[in-house]
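**Q** The primary structure of each chain is shown beneath.
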Amino acid sequence: MRELKIFDKAVNVKRLLICLYVFLAGLLAADFFIHKHGHFSWENASEFYAAYGFLCYLVLIALAKVLRRFIKRPEDYYD
Amino acid sequence: MISGLPPALLFLAGAALVPLLPQRFKQAFMLALPLFALYLLYNTPLGTYWSFSFLDYQIVLMKLDRLSRVFAYIFLIISVIGFLFALKVEDDLQHSAALIYAGGALGVTLCGDWFSLYVYWEFMAVASTFLILARRTPAARAAALRYILVHLFGGLLLFAGIMLLLAGGGPIAIGALKLDSAASWLIFLGIALNAAIPPLHPWLKDAYPEATPTGAVFLSAFTTKSAVYLMCRTFAGAEVLIWVGAIMTIFPIFYAVLENDIRRVLSYSLMNQVGYMMCGIGIGTTLAINGTVSHAFCHILYKALLFMAAGSVITMTGRSRCTDLGGLYKTMPLTAVFCMVGSASISAFPLFSGFVSKSMIVSAAGLQHLTTIWFMLQFASVGVIDHAGIKVPYFTFFGHDSGIRASDPPWNMTWAMGIAAVFCLGIGIFPQPLYNILPFAVDYAPYTGAHVVGQLQLLLFGALAFVLLIYSGYYPAEIRAINLDFDWFYRKGGRAFYRLVDWGLNSINAASDRWLVNGATGAVNRFARQAPAVMSKLVLVPVWWMFKVRGWPLEQRKRALERGFARGALPVGVGALAAAVMLIVLYLLA
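For the record, the sequence lines run as chains A and B.
First residue of the first sequence? That's 1 in the working numbering, and the numbers climb one at a time after it.
First residue of the second sequence? That's 1 in the working numbering, and the numbers climb one at a time after it.
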């Protein structure tokens, strides 16, 4: 069977991440050149969506980790 | 005339035929049937067909309007894709069950009266159970049992609601209802259970991951989305749904982050997506309803695609837990690519289908200035990119190398995924054909600079957070564990209830045995036997005392009296005396 090994090389993973960072920088820059027409005032603030997306993700993971302490059970819990 | 033929009847007849056909012909038949139904539906003008009177009620088996038509289209499209995916499964039980199940969903969508709806509703519940049972594992059997019990309960709620509605003089025709009576609340709860609205949701995440790899594809499409259709039809604009929907988008994403089984992650993600639809139905404006319907259409395709990718992985590797998987892209590149198309679609990346549909619901919330709801929906969007956009493909196909070297699945499964992926991209790039078949005229442009950049920022800065968290080791590790959810109440609670009832009722039983059967009955019996003797003694002993009969002679007389009563051999005088005493006692007591 033919095997792909593209991500076995660390340099390829690094390249992919650099692509992501460059694209993100592009998005931050693009924010200044678009015509905004949001339903809410904060939608028109600079880089609102970037900040909200990043923050939400961190909050989500932090809360999920707290939640795990309360709801985690062994796999045979119901058996 | 044949153009108005209800596809449900076609599917039900097909289900009866399937076991009789030879294997080769059966495969062609299962593909041809939904395609033929699709062709018929396309050539059927809007209107009412197959309507007749029954016991003073007007039964309508086919009522085609703009709302029911778009749902019927997508149910038929996903039937074609689903049966292509399941083509090589050699199990007539699954094929027949899937046909009845799809037929039930089409019936619910296209019928015009509550009676037919209820019958189709139960067809769906029973047939879908067999798609879980057909996995033939102990876990699947147990999950199927819980699944059918919950759905029978939901069906009863719906049935009670319909009966109350009709008894109160309500119409038999399905139409808009207001949440102002017991009847409409019962109907609402019946639909809500099938839509998996919390806390009526855990059947979904309990049962879908236990279904067969191909059965889960059908399950992901029909039950919840036919409930979305019916909710749209009956409770559009019901404000309670705005909040219920928004909570439903957020609540499951935390579970999806923590869950280990990929199909369970997808199940939670399914609820999250249906949450957007419920919210849209609650908002109830034309934009929101259009958004809801188009989102249901897109969702069925990308969710089926994700379940097909997961099903392919299970078929080829026999595993479904993130902890057991990883690095599969090396030998399953096509499945990995199709999975990522599904992930991009559900995450609503521009050029993918979720982008052109979900944004209508979020915009509708914005237009109504529902500030909190808007923030909740955007938060949930970030949650989607985490679990469905990144987690499922990352931990399955990339991440740590599990060492598994399984190949892509057989051609029919690959093609089914490919077709669904083409739909996801096609709708994302050219949304107009979908917009044209929505219930209301569409005045909405998804591709504006602000929207595209805003959405990409929201999603990709979320992705950036993922990169930082995974490299810092703070991202919650995949662990072999389960997470408690509301099904605890009927799984553990059910057992506790059983024990309580077992202990309670059996204690009462034992006490009854001891006190009533052996105690009281014996006492009554003894009393009936001995009362005359005792009473006679009560009278005679003082008399004998007066005549100075004491000690041994007194004891002898007492025994003689007892023996006499026991044998019924008494001097007439004593018997008469006892009777007289009895009469006096009765007289005094009366």
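Since the hints were made in silico from the structure, they are not lab data.
All of these numbers come straight from a predicted model, not from anything done at the bench.
Wrong hints could be hidden among the right ones.
[Unchecked claim] When the alpha-carbon atoms are kept at most 27 Å apart in a straight line, the in silico DSSO-like pairs for lysine-lysine are as follows: (1) B/558 x B/548; (2) B/492 x A/72; (3) B/548 x B/537; (4) B/88 x B/26; (5) B/558 x B/537; (6) B/558 x A/65.
**Q** Give a verdict on every hint.
**A** Evaluation of the provided hints:
1. With a CA separation close to 14 Å, the supplied pair residue 558 of chain B and residue 548 of chain B stays within the 27 Å bound.
2. Pair hint residue 492 of chain B plus residue 72 of chain A holds up; C-alpha atoms about 15 Å apart against a cutoff of 27 Å.
3. For the proposed pair residue 548 of chain B and residue 537 of chain B, the alpha carbon gap of about 16 Å is at most 27 Å, so the pair holds.
4. Straight-line distance between C-alpha atoms of residue 88 of chain B and residue 26 of chain B comes to about 10 Å, which keeps the hinted pair within the 27 Å bound.
5. Our distance criterion of 27 Å between C-alpha atoms is met by residue 558 of chain B and residue 537 of chain B, whose separation comes to about 7 Å.
6. A C-alpha spacing of about 86 Å is found between residue 558 of chain B and residue 65 of chain A, which places the hinted pair above 27 Å, so the restraint is violated.
Of the numbered hints stated above, the single one contradicted by the structure is hint 6.
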